[in-house]
Every structure is written in C-alpha cells, then in structure tokens.
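Number of protein chains: 2
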Amino acid sequence: MDEVKYVSGETRIFAIVGHPIEQVRSPEMITAELVRRGHNAILVPTDVLPEDFERTVAGLMRVQNLDGLIFTIPFKQAACALAGILGDQALKVGAVNAMARNRDGDWVGDIFDGIGCVEAFRNRSLTFEDRRVMLIGAGGAGRAIAVAVAQQRPRAIKIFDIDAKRATDLVEKIADIDPRIDASFGKPILENVDILLNASPVGMLSDPRAPIEAQQIPSDVVVFDAIVKPELTTLLTIAQQSGCRTIFGREMMRGQIKKIVDFFESRGGKADLA
Amino acid sequence: MDEVKYVSGETRIFAIVGHPIEQVRSPEMITAELVRRGHNAILVPTDVLPEDFERTVAGLMRVQNLDGLIFTIPFKQAACALAGILGDQALKVGAVNAMARNRDGDWVGDIFDGIGCVEAFRNRSLTFEDRRVMLIGAGGAGRAIAVAVAQQRPRAIKIFDIDAKRATDLVEKIADIDPRIDASFGKPILENVDILLNASPVGMLSDPRAPIEAQQIPSDVVVFDAIVKPELTTLLTIAQQSGCRTIFGREMMRGQIKKIVDFFESRGGKADLA
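Residue numbers (this note's numbering), protein chains in the order written: chain S, 1 to 274; chain A, 1 to 274.
Treat identical chains as interchangeable: a pair holds within one or across any two.
With a Cα cut of at most 20 Å, we get these calculated SDA-like pairs of lysine to any residue:
id: 1; residue 1: K229; residue 2: M253
id: 2; residue 1: K258; residue 2: R122
id: 3; residue 1: K229; residue 2: S8
id: 4; residue 1: K5; residue 2: E28
id: 5; residue 1: K5; residue 2: N40
id: 6; residue 1: K258; residue 2: S8
id: 7; residue 1: K5; residue 2: K258
id: 8; residue 1: K258; residue 2: L126
id: 9; residue 1: K258; residue 2: D2
id: 10; residue 1: K229; residue 2: D2
id: 11; residue 1: K5; residue 2: A32
id: 12; residue 1: K258; residue 2: E3
id: 13; residue 1: K5; residue 2: Q23
id: 14; residue 1: K5; residue 2: H39
id: 15; residue 1: K187; residue 2: Q215
id: 16; residue 1: K5; residue 2: R37
id: 17; residue 1: K5; residue 2: E22
id: 18; residue 1: K5; residue 2: M253
id: 19; residue 1: K229; residue 2: E10
id: 20; residue 1: K5; residue 2: R254
id: 21; residue 1: K258; residue 2: V4
id: 22; residue 1: K5; residue 2: R250
id: 23; residue 1: K173; residue 2: D161
id: 24; residue 1: K258; residue 2: G9
id: 25; residue 1: K229; residue 2: E3
None of these hints come from the bench; they were simulated from the model.
Extracted from the complex, chain S is given alone in its bound form (with noise of 0.2 Å):
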C-alpha cells in the first residue's frame, strides 16, 4: 500500500484535548459521522499535560486548517476561558466540550453532554415533558444533563449528590432556568419518579455498586445511566430485571455526537434543540 484513501494534504481537522487520552471514543466516532456527511475530516486525539493546556490549545487555535476542537476531562471548564463565544448551554453550565470557528475566525464554544441525553430519550420518542425525574450525580455530566432536561419542561428535578453542596447549588440554578420546575435535593427516591438518571460514576469499570440501594425499581420508571463502560452497569441490570425501560450511555454519545457535528459545520451556529 502507497498511500491510504482517509488522510490527504486537504483533509480538515478536529481535535479531542485530554488527559489521559486513550479511553476517548470521539476519534473513531466522530469521525464516521463526518465521513458519513461527506467531509475530508479526521478527529484526531491529542494528549496534553494541565500544565501545557493554555498554551498548546492557543497553538492549536492558529492551526488553519483546525476547524474545531472537543474537551474532555479534565479540561471541561478551562475551556470555557479559551472560547470568544459562548453558547446557551455553555453559559448555564460553565463548562465547554466542543469549540467551533466560525466565520469570523472567533472560537465559540458550547456544552453537548446534556443535549445528548435529551436526544437520546427523544430518539426512544421519550419526553421530558410533565415528567418528574430524579438526577443522582452533579458533577461535570451531572450539571450539562440537568440544565438540558431543566429546558425540557420536566414537572419535577429531584438531585442527588454525595456532596450536597454541588446538588443544592445546582438545585438554585434548576429554578433560575425554569422556576415553574419543583427542584429538590435529596436522596434517591424510586417513589414518584417518572425517570431515573445516573450522572455519577457510581458503576463504572470495574465498580460493581449501584447507584441506589433498593433491588427492585417500578416497572413504569424509565433507567438511564450515562456510564459508557461498561455498557450494562448494575443500575440498569436492575432496571432490565425490574421490567424498566433502560436507556444506554452509548447512546448519549450518540446524540451528543450528531449534535456536535452539526455544530461543526454550522461553525458554531446554535444546536438545535427543538
């Protein structure tokens, strides 16, 4: 072999920044959903030490044939300083995953963990609407999921985390967007719960707990865990044991990555939300 087809001197690039980088799904991922659309696009993953992150990415801000960039842990809310723009969800989370160039040449710079989650409901033809949902975890994914759904008109957000504190603050910025929602702390309840949603990391790898204690959750609770490894965590083996409705962190990336790339070659325009 010569030459291979995927790469070429006209080839547009995207980047992940992260820390560690193996685990990241983006370069594979994204990448077949740019090539699907018709792009000479690649996501290639770059490994960058804290230390070197404002000035590597600033290098690769200048690169001009960079069209956009993904953050991933730990670099979520550091990014939000390098982007001119920022978008609706960026601005309620304080946090940036995906940055775009835009026509201008400014970098804007929005959140997608949380509208992966509504888009993978919407894609099972699930709503948020009127629902009351019960939310363990707020931390990165935690915050980007619940200011999403907070924009879903669910009836009731009951948040829980082992810190308190982040829940009652994301509790306060639960009603800033929506005071009609009734947001809550507390712990996790399966009583009154339309939907079940874990953004902790309570189950992932080789964690074997699960986020709740009960055995048994009611049949008509929809589960969604946002863990991607493994797939099937404890929580939504109960969930498919329970008779639930399971809802998968892959497909969050999923949505989350159609709405990336739309993103992308909106150059920043506005996700579609609706």
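Let chain S serve as the given structure and place chain A on it in line with the hints.
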C-alpha cells in the same frame, strides 16, 4: 458506519507543518508506511501561518501523543531553531524537514530531502561513487541533495543556479564536506557528465520549460528530476526520447519516506545511509 477503524484514542500522532498545506503528499504516503509497519499512527496536515509558526509548533511539541513532525515550505530553515539536537544532514544543510522526540524527551531534527534522492538511485542499483554530477538548482532541495550526494564520493559536482551566489556558496560547502570532490560552479553542461540532477523549480506544475537548453541528452547520462508535479517533466521527456535512464521525483519521495519513518521509529536515531 458507527466508527472508523483508522483512528482511536490510542493513535500516535505525527504532523506535517507548512503553508500552504493542501498540496502535500506526506499525509497519505507516510501514514501508509507507518500503518504498513504495524503502527496505530497517522500523519495529519497542519496549515500554520508564518507569524504563528513558533508559538503553534511549540504547542504541538508539547502534545504527549505526538511523536514526530515534518516541515515543508516555508519552514525548513526556521525548524532548525526548534530542534534541541541536530542530525548530521541538518547540521550540514542548515535546514530540518523531520523532527522526532527521543527517549529523553528532546527533539531531534534532521533533513531527508537529499537522502531520498540518494536512496532513489540506490533502489535502481545506481551509485554516485566516482561519477560526474551536474546539479541544477541550489535552493533548499538542491542544498540537501548536494550535501547527500557529496557524501557518496562522487568524482565531480558542478552546480548551476540563476542565483550565482547561492550556487558558489554550495560549491564551497561541498569542498568542506569532501575536498577530493571536483566542485565547481557553471552553466548546465551535458558533456563529461554522468548524472544530471534537476532540483530547480523549472518545469513544475504548468511550467513547460526544461532547465537545460539542449533538445538531446547523451544516452549514457542518468537524468533525475526532483519535481513531483507533473511526474513526467519536459526534462524527463527529453531524456526518455534521448534514450537516457530517468529517475522521477516520486522515487525520491518514496526513498525519503522510508528514511523518515526509520527516523521516527528510532525516535530520532541516525538514519542509516550505509
């Protein structure tokens, strides 16, 4: 298609830095060579404006999963200043077209343009030893070719460039490398010449000219043209019609690519010229 197979979080990154960048062939060719040798690696094009060169490349050099850089027009000389360690060819030529991070974390720079030419001849079982060489063009590529050829114990090297100063400078450099070589400056001749090398841009792209005035070349002269577009230049056409052996720019590129990937694999270790 949900995922592409050629890039993942574990992919090692290489980049070619130039301006403009669309015309480069290293991404498809060097990536192919890396993949052929079993590496999960990709070489991506990066278009960097001259005013951003220092800052952006300094940032790229800090990316932890980026193992090597290629430099093309107009950065080969500027790149010299960025390498912590210069290889033999780079020291002699005063330019760098490849850099690799060695095991100590230092960046080693070297230039392979001339080595690629020598390698192209070797792949055709042709040697420069004891041969009389006529070189047209003493710019970047010409300098690198002259230096590499001078290390192959030719009997004579005559150099022509429309800029007489840079041709005579290069003649002096050759005398430094090996005083036994009969090095001189002068108009392109076809008598008492065994090998004719064109490293000038005359004949490139839509330029229909040949860098020599003659319409006929003695059939025992080997004729090489460093130009890659078009593949068959006017010079090579004349050579073929004269019954000469011809060596194409693409062969130089192929020879160079293997050497550059050797250099990347050895993390900046010496390229094997023996």
